[in-house]
Amino acid sequence: MMKNIPFAAAVGLFFTALYFFVAIFASLIAPYGMAEVVGDVWEPASADHWLGTDNIGRDLLTRMIYGGQTTIFIATVATIISFTTGSILGFLAAVLGGWADQLLSRFVDLVMSIPSLILALVILSVTPVTVPVLVLVMGLLDSTRVFRLSRAVAVDINVMDYVEAAALRGEGRRWIIFREILPNALSPLVAEMGLRFIFMVLFISTLSFLGLGVQPPMADWGGIVKENKDGIVYGIGAALWPAVAIATLAISVNLVADWILNRTTSLKGGRG
Amino acid sequence: MGPALKLVAQRLALGILLLFLVSILIFVGTLILPGDVAQSILGQSATPEALANLRAELGLNDPPLTRYFDWLGGVLTGDLGTALTNGKDIAEALGSRLSNTLFLAFWAAIISVPLAIFLGLLAVRYRERWPDKLISAVTLSTISIPEFLIGYVLMYFVGVKLGWAPTVSTIYDGMSLGQKLNSIALPVAVLTLVVLAHMMRMTRAAILNVMQSAYIETAELKGLTMFKIIWRHAFPNSIAPVVNVVMLNLAYLVVGVVVVEVVFTYPGMGQYLVDHVSKRDLPVVQACGLVFAAVYIGLNMLADIISILSNPRLRHPK
Numbered sequence: 005m006m007k008n009i010p011f012a013a014a015v016g017l018f019f020t021a022l023y024f025f026v027a028i029f030a031s032l033i034a035p036y037g038m039a040e041v042v043g044d045v046w047e048p049a050s051a052d053h054w055l056g057t058d059n060i061g062r063d064l065l066t067r068m069i070y071g072g073q074t075t076i077f078i079a080t081v082a083t084i085i086s087f088t089t090g091s092i093l094g095f096l097a098a099v100l101g102g103w104a105d106q107l108l109s110r111f112v113d114l115v116m117s118i119p120s121l122i123l124a125l126v127i128l129s130v131t132p133v134t135v136p137v138l139v140l141v142m143g144l145l146d147s148t149r150v151f152r153l154s155r156a157v158a159v160d161i162n163v164m165d166y167v168e169a170a171a172l173r174g175e176g177r178r179w180i181i182f183r184e185i186l187p188n189a190l191s192p193l194v195a196e197m198g199l200r201f202i203f204m205v206l207f208i209s210t211l212s213f214l215g216l217g218v219q220p221p222m223a224d225w226g227g228i229v230k231e232n233k234d235g236i237v238y239g240i241g242a243a244l245w246p247a248v249a250i251a252t253l254a255i256s257v258n259l260v261a262d263w264i265l266n267r268t269t270s271l272k273g274g275r276g
Numbered sequence: 570m571g572p573a574l575k576l577v578a579q580r581l582a583l584g585i586l587l588l589f590l591v592s593i594l595i596f597v598g599t600l601i602l603p604g605d606v607a608q609s610i611l612g613q614s615a616t617p618e619a620l621a622n623l624r625a626e627l628g629l630n631d632p633p634l635t636r637y638f639d640w641l642g643g644v645l646t647g648d649l650g651t652a653l654t655n656g657k658d659i660a661e662a663l664g665s666r667l668s669n670t671l672f673l674a675f676w677a678a679i680i681s682v683p684l685a686i687f688l689g690l691l692a693v694r695y696r697e698r699w700p701d702k703l704i705s706a707v708t709l710s711t712i713s714i715p716e717f718l719i720g721y722v723l724m725y726f727v728g729v730k731l732g733w734a735p736t737v738s739t740i741y742d743g744m745s746l747g748q749k750l751n752s753i754a755l756p757v758a759v760l761t762l763v764v765l766a767h768m769m770r771m772t773r774a775a776i777l778n779v780m781q782s783a784y785i786e787t788a789e790l791k792g793l794t795m796f797k798i799i800w801r802h803a804f805p806n807s808i809a810p811v812v813n814v815v816m817l818n819l820a821y822l823v824v825g826v827v828v829v830e831v832v833f834t835y836p837g838m839g840q841y842l843v844d845h846v847s848k849r850d851l852p853v854v855q856a857c858g859l860v861f862a863a864v865y866i867g868l869n870m871l872a873d874i875i876s877i878l879s880n881p882r883l884r885h886p887k
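Going line by line, the protein sequences match chains A and B.
Numbering of the first sequence is given in this note's numbering, commencing with residue 5 and proceeding in unit increments.
Numbering of the second sequence is given in this note's numbering, commencing with residue 570 and proceeding in unit increments.
Hints in this document: simulated from the structure, not taken from any laboratory.
Where a beta carbon is used, it is the ideal one built from N, C-alpha and C, also for glycine.
A portion of the hints provided could be inaccurate.
Said to hold, decoys possible - Now the stretches of chain A that chain B is said to cover, found in silico as 3 or more residues with beta-carbon under 8 Å:
1) 12-22
2) 154-167
3) 253-266
Claimed, not checked - Pairs of lysine-lysine, DSS-like flavour, derived with a Cα cap of 25 Å:
4) Lys-233/A <-> Lys-848/B
5) Lys-233/A <-> Lys-657/B
6) Lys-848/B <-> Lys-657/B
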């Protein structure tokens with residue numbers, strides 16, 4: 005399987021792995037402390053500070069590394085929440101059918117009829133803005149999309165002969181969901197996971213940029229833009245580094261997701 | 570009554586029902602959440618008297634159902650209440666900001682829609698050749714960057730380094746149209762880029778889908794010219810998907826506008842909403858949320874209606 009990875013997917017895989025590696029070992033890799041002031045305001049790039057310094061003289065590379073840690077951590081946890089809630093409810097809706105399916109599906113339609121950023125802003129106006137709240141709000145809002153996908157996939161699988169055989173054998177609902185449906189629905193869900201993860205990175209960056217996400221002195225990519233945006237009009241590009249980071253991460257994850265998606269569609273074609 | 574009209578009436582009714590449900594969702598979303606709303610607005614250090622005052626002002630002592638219907642009644646009669654932070658009438662403040670936002674979105678749409686359809690056609694015409702690949706590479710990278718960062722990238726290179734456009738988009742009533750357009754040049758460019766990418770990709774997919782149908786092949790085999798095939802067979806059948814794509818993206822503009830307005834400090838709805846979310850000004854947030862949701866739902870409904878009306882099968886019932 006690992007031998008014939010297409011070039012694009014390999015590049016994507018490499019950069020995705022690199023970002024996660026840097027995020028996990030941020031405190032070992034970062035040259036300075038996260039909130040340590042080490043120089044003048046907005047120093048240009050030099051041997052000591054590869055990306056220069058930020059709006060209050062912290063090393064920008066350090067901020068970017070710690071920022072990546074926060075952003076990737078939040079996005080990962082939110083994706084996990086979104087997937088567990090969305091797929092379990094989606095499978096349940098497909099297996100149960102009837103009014104439970106109707107209720108869940110119509111509720112999801114309702115939530116999806118408003119842009120999630122707007123709904124998130126409404127909710128964040130009354131809740132304290134902390135990392136657990138952010139992760140929950142983002143994860144639950146996004147689980148609606150996972151719900152739709154997993155329900156659609158599970159409805160198809162639910163009518164397969166082997167599921168019927170399991171039901172006739174007298175297996176319970178839990179068995180059918182986790183042992184029959186889940187393994188067969190995994191590939192499209194994994195491909196979707198990449199896209200949802202990217203969406204989460206963009207979402208948390210946007211919220212932080214608006215001042216409603218990660219709060220200072222913690223660093224995150226959206227927050228770094230917010231802190232350094234005033235430099236732009238003086239021709240200081242410090243606020244643009246997160247753009248590079250987010251774009252490369254997003255494109256690499258996209259490349260990997262595309263590859264997984266292609267593999268799964270060819271799989272399906274083979275099956276019938 | 571033809572089947573098309575009946576479907577349109579159904580969509581309208583559904584849209585109104587949806588809007589009503591969304592108003593409940595927005596209202597409940599700010600209620601059911603853990604903790605006391607008054608407490609989270611004023612913070613931990615608030616005195617009991619201040620809390621009691623705020624609760625009375627927000628009507629938190631009434632049962633939720635009464636409050637909801639008071640609020641809904643107000644919304645339906647155009648009374649959105651007053652802002653907590655400055656005591657001003659929300660409907661008044663929203664009016665001018667909404668027109669500013671629509672002004673911005675209008676120009677972004679005027680530029681991006683024809684451009685997206687043109688680029689989509691170009692990509693289909695040169696499918697799998699370099700123009701198609703170039704277009705899809707560029708659009709993939711604009712999709713991968715959040716709106717606000719595209720904003721700053723443009724501001725940095727076009728606004729500051731080249732000095733072609735103002736980096737702050739202030740507009741007021743006394744300005745001429747030309748001055749206004751100059752001042753919103755950058756935000757319009759950002760919105761155009763963001764929407765263009767989505768719209769172009771979806772247009773390409775929609776037209777490709779139509780071009781691969783059996784009747785196009787039949788027309789080709791009949792010996793019709795390419796022009797005639799596109800005009801008589803492909804075009805009428807791609808109106809519905811393309812209009813759908815356009816409307817979906819106009820709805821997407823509504824969200825993009827929130828962030829882009831903050832980037833360019835443009836006095837529109839989005840900035841108003843974000844400002845008041847951080848000030849925890851509940852009435853303003855609810856009102857803005859409802860307006861945004863209404864525009865979003867309205868555009869989606871319009872997309873459905875147009876695609877019903879443009880569907881030849883529904884227009885000429887047997």
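Tested hints:
no. : hint                    : verdict
1   : 12-22                   : violated (count 0)
2   : 154-167                 : violated (count 0)
3   : 253-266                 : holds (count 3)
4   : Lys-233/A <-> Lys-848/B : holds, 21 Å
5   : Lys-233/A <-> Lys-657/B : violated, 31 Å
6   : Lys-848/B <-> Lys-657/B : holds, 15 Å
Checked against the numbered hints above, the structure violates hints 1, 2, 5; every other hint is satisfied.
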